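**Student:** Protein chains in written order, with my numbering: chain A, 1 to 261; chain B, 1 to 331.
Some hints could be false.
What the hints assert, rightly or not - Just so you have them, the derived chain B footprint on chain A, three or more residues with Cβ under 8 Å:
{"id": "1", "region": "117 to 124"}
{"id": "2", "region": "247 to 255"}
Stated by the list, open to error - Listed below are the simulated BS3-like cross-link pairs for lysine-lysine, each with C-alpha atoms no more than 27 Å apart in a straight line:
{"id": "3", "chain 1": "A", "residue 1": "Lys-249", "chain 2": "B", "residue 2": "Lys-327"}
{"id": "4", "chain 1": "B", "residue 1": "Lys-90", "chain 2": "B", "residue 2": "Lys-70"}
{"id": "5", "chain 1": "B", "residue 1": "Lys-327", "chain 2": "A", "residue 2": "Lys-256"}
Rather than coming from a laboratory, the hints here were simulated on the basis of the structure.
Source: prediction; values computed, not measured.
Just so it is clear, CB atoms sit at the ideal spot from N, CA and C, and this is done for glycine as well.
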Amino acid sequence: MNIAVCIKQVPDSDKVTIDRETNRLNRAGVPSVINPFDENALELGLQLKDKYGGKVTVITMGPPQAEEALRECVSVGADEVILVTDRKFAGSDTWATSYTLSLAVQKAGDFDVVLFGKQAIDGDTAQVGPGVAYFMDIPVITYVKEAEKTDTGFKVKRVTEEGYQLWEVDGKAAFTVVKEANTMRLPSLKGKMRAKSATIITWGADDLGAEDAKIGLKGSPTIVKKVFSPPIKTNRETIQNEDPKQSVKELLGKLKERKLI
Amino acid sequence: MSNKEIWIFAEQREGVISLATLELLSEGQILAAKSGYTLCAVLLSADDSKILQELYNYGAKKVYSAVGPKLSYYQNDYYSKVVADLIIEKKPEIVLYGATSVGRSLAPTIAVMVNAGLTADCTELDFDTEQMLLLQTRPAFGGNIMATILCPNHRPQMSTVRPNVFKKNKLGDKEKGESVSVKVDLSKVKDRMRLLEETKEEVDAVDLCEAEFIVSGGRGVGSPEKFIVLQDLAKELGAAVGASRATVDAGWIAHFHQVGQTGKTVCPKVYIACGISGAIQHLAGMQSSDFIIAINKDPQANIFDVADIGVVGDLHDIVPELTSQIKALKK
Chain A
1 MNIAVCIKQV PDSDKVTIDR ETNRLNRAGV PSVINPFDEN ALELGLQLKD
51 KYGGKVTVIT MGPPQAEEAL RECVSVGADE VILVTDRKFA GSDTWATSYT
101 LSLAVQKAGD FDVVLFGKQA IDGDTAQVGP GVAYFMDIPV ITYVKEAEKT
151 DTGFKVKRVT EEGYQLWEVD GKAAFTVVKE ANTMRLPSLK GKMRAKSATI
201 ITWGADDLGA EDAKIGLKGS PTIVKKVFSP PIKTNRETIQ NEDPKQSVKE
251 LLGKLKERKL I
Chain B
1 MSNKEIWIFA EQREGVISLA TLELLSEGQI LAAKSGYTLC AVLLSADDSK
51 ILQELYNYGA KKVYSAVGPK LSYYQNDYYS KVVADLIIEK KPEIVLYGAT
101 SVGRSLAPTI AVMVNAGLTA DCTELDFDTE QMLLLQTRPA FGGNIMATIL
151 CPNHRPQMST VRPNVFKKNK LGDKEKGESV SVKVDLSKVK DRMRLLEETK
201 EEVDAVDLCE AEFIVSGGRG VGSPEKFIVL QDLAKELGAA VGASRATVDA
251 GWIAHFHQVG QTGKTVCPKV YIACGISGAI QHLAGMQSSD FIIAINKDPQ
301 ANIFDVADIG VVGDLHDIVP ELTSQIKALK K
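So here's chain A without its partners, still in its complex pose (with noise of 0.2 Å):
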């Protein structure tokens, strides 16, 4: 089976932490990571590899930096790492991003699977593996939780808000990937050493042969005006008591006078 995983490398939000005084994260030196979600969408490719055979290639876009993620991607094992970096690229939307990798992904290869995390912890849009799927005109299942190879395609789990639903999709297909699915494995010792002198394939704007109106800031539709800083609570009310019925006597007073129960 030929697999690829699409992952993006964001800040590790275990190390950011608020600056109480502004409201503001701090993230001056703060590592970056696989997003959580995308080791998810790793972990099926290579439970897909080891149970049909193939390869894994995964492909990233990113600043030249997202190499350490792709490093970390072929020490746990996959075979082949792609790197999408461009100045050009820079201010893409989800619309521009679909369209980028949709290009690096048919580069890459002919695939069976395109697997993608449910949605990237920084932006949290999940917009970007549908968008993806409809450029290259594959069907897309958002929110797997497991999939199967049959016949004539896939059998996969699709986690929703009530419980779960079970999809049958026809030959090449896209998922986003859920928490639930899995835990990445972790690196081998060998993998480890392979991910050290592994091949980063590069690849800009000219290679994908993108059109210029349709990436970076002019492909992307959105805008942002403006970032602010959420309002803070600045009248929370403490109720401390020895007795615990005195503090629910006086909880619940505030509750009624505000009319919440």
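The hints should help you fit chain B onto chain A, whose structure is shown.
**Tutor:** Below, chain B alone, put in the same frame as chain A:
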């Protein structure tokens, strides 16, 4: 020229309109008043006879209704084709979708099909009457930063909007509206995916994303068995049960319940955080709740920074007491 219309994608499951749709229609009434645009709904279903009136009651003046056996449930290829064709034909100014498992999958496909901008998971909408643009505000980086997004040069302007943010506003029981029948031609769409079966889990549990009250537990709960204390309170309040990542990772409760960056993002009217320290990843999933009550032994816990009321104390004392006092109140 685009059509001066605001469209709400009317999401139905088994013939029932989602709460998110009704909330969006209600917010749509406000946007329609500000912009002077007409509020419309777009409905895809196998049978619209029981649904149309409800959409009128929440302010839709016009419902574009596509009816067909292939439209009974959300199937991305069919749904995106019908809505995209309609957008290209009618050219609405704005199209809004609930940020549900359906809306967040369908809208991104439509956005690339019709070459429109799409802003994900908005928590605030407004209309700039000078520039005649939709102002779409959303949390980013797990809610620690807010961003206002514009779509100046492409139409329609599209957003998915988080459920539970806007209040429902039903105008009446017999509101008038017009239904416009949409021709459905899916003959050119490849039949390449289908729903085989659907399993509804925890049927008696309240859905976290649509719950008005959530009782949520963290490491302070102490053990899997102790979640019953929270479940009892939840039962009294008609609340959903949430959990922090720590408790899910420890195997105390199913991931289904997890609130936070790698779990669900919720915004109930009241969120009761019990024994949750308030890691940034957890705050990301719940800090846009209307009202937050934190119960924690540690007065320095981060969770108190986002709380409206902080109760310093042991949840094992406070929560059962709260349950019994609420029970007493009901009598």
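**Student:** Run every hint past the structure and note whether it holds.
**Tutor:** Hint-by-hint comparison with the structure:
Interface restraint, the region 117 to 124 of chain A with chain B: holds (4 residues with C-beta to C-beta distance below 8 Å; minimum three). As drawn, the region 247 to 255 of chain A meets chain B at 7 residues by the rule of a beta-carbon pair under 8 Å; at three or more, the given contact holds. Distance hint between Lys-249/A and Lys-327/B is fulfilled; the C-alpha atoms sit about 13 Å from each other, no more than 27 Å. A hinted pair counts as satisfied when its Cα atoms are at most 27 Å apart, and Lys-90/B with Lys-70/B qualifies at roughly 22 Å.
The straight-line distance between the Cα atoms of Lys-327/B and Lys-256/A is roughly 14 Å, inside the 27 Å bound, and the hint therefore holds.
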